Amino acid sequence: MKNATAFAVVVGLMSSSAMATDGGAPDPGKTNELYPGKTYSPYAKRSFPSNVFWGDTHVHTGLSLDAGLFGNTLGPEDAWALAKGREVVSSTGLPVKLGRPLDWMVLTDHTDLMGFATDLQNGAPNVLANEKGNEWYTGFVQGGTAAGEAAVDLITNFSQGTLPEEFLESYSTGAQAYDRVWERIVDAAEDANDPGNFTAFIGFEWTSVPKGFNLHRNVILRDGAASALQVSPPVTQKPYGSTDPFHLWKWLEDYEDRTGGTAMALAHNGNLSNGWMFPTEDTYHGGKVDEEYVKLRARWEPHYEITQIKGDGEAHPLLSPDDEFADYENWDVGNLDITELKKPEMLGGEYAREALKRGLALEEEFGVNPYKFGVGAATDTHTALPTAEEENFFGKSTSVEPSATRIGHPFVKSPLGAIEGYQLLASGYTGVWAQENTRRAIFDAMRRKETYATTGPRMVVRFFGGWEFTEDDLRSRAPAFIGYEKGVPMGGDMGKQTSDAPNFMIVALRDPIGANLDRVQVVKGWLEADGTLQEKVYDVAWSDGREPGADGKLPPVGNTVDLEAASWTNTIGASELATIWTDPDFDPAERAFYYVRVLEIPTPRWVVYDKLRFGAEIPEESELIGQERAYTSPIWFTPEG
Amino acid sequence: MLMRTALAVAILAVASSTALACTVCFPYPKATGVDYLDDAGVVVLARENPAKRFSFLAKQVLKGALAVPEVDLFLNSSDRRKLTVDPGRAAVLVHGRFHEPVSPTGVTQDAPATEDAAPAWRSLGVASLRQETLIRDVLERLPQWNAAANGDAQRAAFFMPYLADPERAIRDLAYLEVGQADYDLILKADRFVTSEEVQAFLNDRQYLEWHPLYILLLGVNADEAERAYIRQQAQTRLSLGQTINLSAWITAYIEADGETAIDWIERTQLNLLSASGEVVVQIFDALSVHGNRTTPVLRDRITRSYDVALSNYPVLAGRIAKDMALWRDWTLAETVRRVRTEFADLDNASAYAIDYYLGSAETN
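Just so you know, the protein sequences line up as chains U and B, in that order. When we follow the numbering used here, the leftmost residue of the first sequence carries the number 1, and every step to the right adds one. When we follow the numbering used here, the leftmost residue of the second sequence carries the number 642, and every step to the right adds one.
Worth flagging that the hints you see were computed from the coordinates, not collected in a lab. Bear in mind the structure is a predicted one, so any value in this text is a computation, not a measurement. Glycine included, C-beta positions come from ideal geometry on N, C-alpha and C. Don't take each hint at face value.
Covered stretches of chain U (chain B as the covering partner; in silico rule of three or more C-beta atoms under 8 Å from a C-beta of chain B) [what the hints assert, rightly or not]:
hint: 1; region: 119-130
hint: 2; region: 172-186
Restricting the straight-line Cα-Cα distance to at most 25 Å, the calculated cross-link-like pairs of lysine-lysine (PhoX-like) are [said to hold, decoys possible]:
hint: 3; chain 1: B; residue 1: Lys671; chain 2: U; residue 2: Lys343
hint: 4; chain 1: B; residue 1: Lys829; chain 2: U; residue 2: Lys343
hint: 5; chain 1: U; residue 1: Lys84; chain 2: U; residue 2: Lys97
hint: 6; chain 1: U; residue 1: Lys343; chain 2: B; residue 2: Lys963
Beyond 12 Å from chain U on every Cβ pair, some chain B residues (computed) [unchecked claim]:
hint: 7; residue: Pro668
hint: 8; residue: Asp720
hint: 9; residue: Glu773
hint: 10; residue: Ala974
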């Protein structure tokens, strides 16, 4: 058990080396490159990130067709205001404020028919000029069931390809009405962007969902309005777009060529793709996972949304039977609209850990790993309210904003199955290690994968991989210097092998207003010589002096949750955990990755707060307690030669 | 798969919805759980197979015979948890020739089984003890329902009390079962649900496709406020040409206001040429429901509306001829004959219905 006791360790990891000349200080010669200025001030000229910035990569406003049609009346301006810490009023009339502001955010409204719902509700002249548009508008004005019927009629027409052509044309790439909406999104982001204090990214969600298989991607631009307004986001409806990711990747390439800017896409949590998010042989659209596919995927999708409101996507217990914590908030009934039920063989193409493993095999075959991604988390809220706090959860959509009945209302229901309301996950946020809070710094950190995901809490996690870390390094007052000096951070590739096995410096600090930590784990995946993909989860640091049992398993940390009060106490667990861990099973001939999973002690899920506040009834099968967690981006090892 | 053709089906059939990026409403199934139980060759209660996680092991056979207890069907995490928290519960699995669902561009559908579908297992979900009791009861009654001339009515009547069941899964099943009944029978369901429950359900937008049954019940014994509400809903939709659930609203409107409603519909819709084809078909569906009631008090008035409709909307001729033949009313024969002569491009079904009606008229 490695339980760091010095609060200064983590402080040092966060803001590094206020006392760098004290014991355990870095070798000035070695840190020279990292710390080129060698100024008197230890904070000056630092070339590595010392701050973690919290954000959400996936937020919808009323400009998204589905959000707008079903009651979201908030626009980008409201979403930015909430993210920056202001109080706003939700679409259902509830005041809402985040416990703590976010540092950055990406607004990602659906591109298909983007802004149409808002124009419809506002009675825009181009909408009213059409007979159908006029009909829907009148329905919305009436409200109640008439509004609902208008919405469904619109959606039905859209999905069945019978939407008036002029609407499809007007709200697709390059059309005047569509570009006006895009301009509004861009302008709102520009207004909200405050370099050094708050980063407002310009982005969108490319809404590919063929036959209900969720292949969505969120696109983030590194750039401002000057570049963004030179382009028009791609849609998926024929003949104006395509659901094939190649179409998106081509758009991204064109964007960079045209503007000189930089962009990337990150795949939506793949758990509702029914296996198509991470293909290894055939793509959904009839193509092959070949040299071109792996290169383009690796180039354009360096980041992945590992957890969000629609379930956790790190691991599945069927794929990872030895991982006692893999059975966590999994959504595995079917695809997005449950028109196709899940089959076991689909799971491998949906979960992050399996994708990371598959990537090793594809790299062996093609020389490029298409699934070498960093990880982050998002809400994917359609309320414009990025709330990932259990006690402050505004739900997936306006229809399930806080109320006495939302727990019992299905999120999706089809003749084949249902996802119940209580299964929504109040998740999550992305922590980004960056040098400053600017578009450039945060985007670049995401590109180099120096990020981690949490299911909502803001624990601070550092993860370095190297060959020469020692216990003394952990006791350093300036561990971040040591980490960068002797290793690589999360998202990196292990440097040249200089010892028998890689070792890792890991430090985790609990959310200052959150729960203590249960344990820190390292998840390793590797490719054996015979092509077999393997994984193993190691407990590497834990709280309370527990001893592993005869089966090698660590006993549970305990449970302090008071369900009646919707609370818990930090009388178990640790406020910080740190360790130097060496891989005991290392084989230098095998490709491998390592990432860290940090588990909090048990805390109440959002449904318990609903019961406390509304007297809501909770079905017996609903989880009441969860162990929130963080996942870091991996560090990869590639054999020499 | 048993697909009964009760008249109300036409009223309850609405356009399929979709999941765009996020699901916004729940599709109305074409088959009920009872249909699956009926068509299945084997029905079992099962729990997780301890030797193979995330799959099933049959614990009890409720129908048919089972060669081996292992069932190779994925047990999802949601149902697995339900089984874990309550060792007394079991999943209901059915084996039969069920079609795989069809999802063209995200449109949810289930399809009735046919002989060419491969035999497969399907889970109907994890049952509570009350659901399990109900399923056993249904399995016992199904042979009798299938054999009886009025079996469909017996089946619907059996489920009516369950419309107010405290368990949503049972309520939903009852809703679908009652929804397949004849209109006259549906009206008897009114006493099992309160108007508050009906209103609450109709306010749930995500159940929009499910609304028609309760729209119909809204019209039964409606008080003045309810009649005004129904009138407003129906008239607005007709004015706008908004077709989702339109026939249900018109049916309820006629139920509430009687001939006055038909007068309004005839005056504002059938007498004009402006209504869309889909709207007039839904008007016809509603008129037909009332004309085909056991005690068709409005049939003469409806026949007059049919006459008007024939002149302006010959596309309805086949449907109207079918009803008129059923009613053995030959008063519209000349009008129908004129349509048959003037409109050569009628579809085969319409042409057949018209020819049958005209032939019958000549011999009567």
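Here is what the structure says about each hint:
no., hint, in the structure
1, 119-130, "violated (count 0)"
2, 172-186, "violated (count 0)"
3, Lys671/B / Lys343/U, "holds (23 Å)"
4, Lys829/B / Lys343/U, "violated (42 Å)"
5, Lys84/U / Lys97/U, "holds (10 Å)"
6, Lys343/U / Lys963/B, "violated (46 Å)"
7, Pro668, "violated (6 Å)"
8, Asp720, "violated (8 Å)"
9, Glu773, "holds (16 Å)"
10, Ala974, "holds (37 Å)"
Consistency with the previously given hints fails for numbers 1, 2, 4, 6, 7, 8, ordered from lowest to highest.
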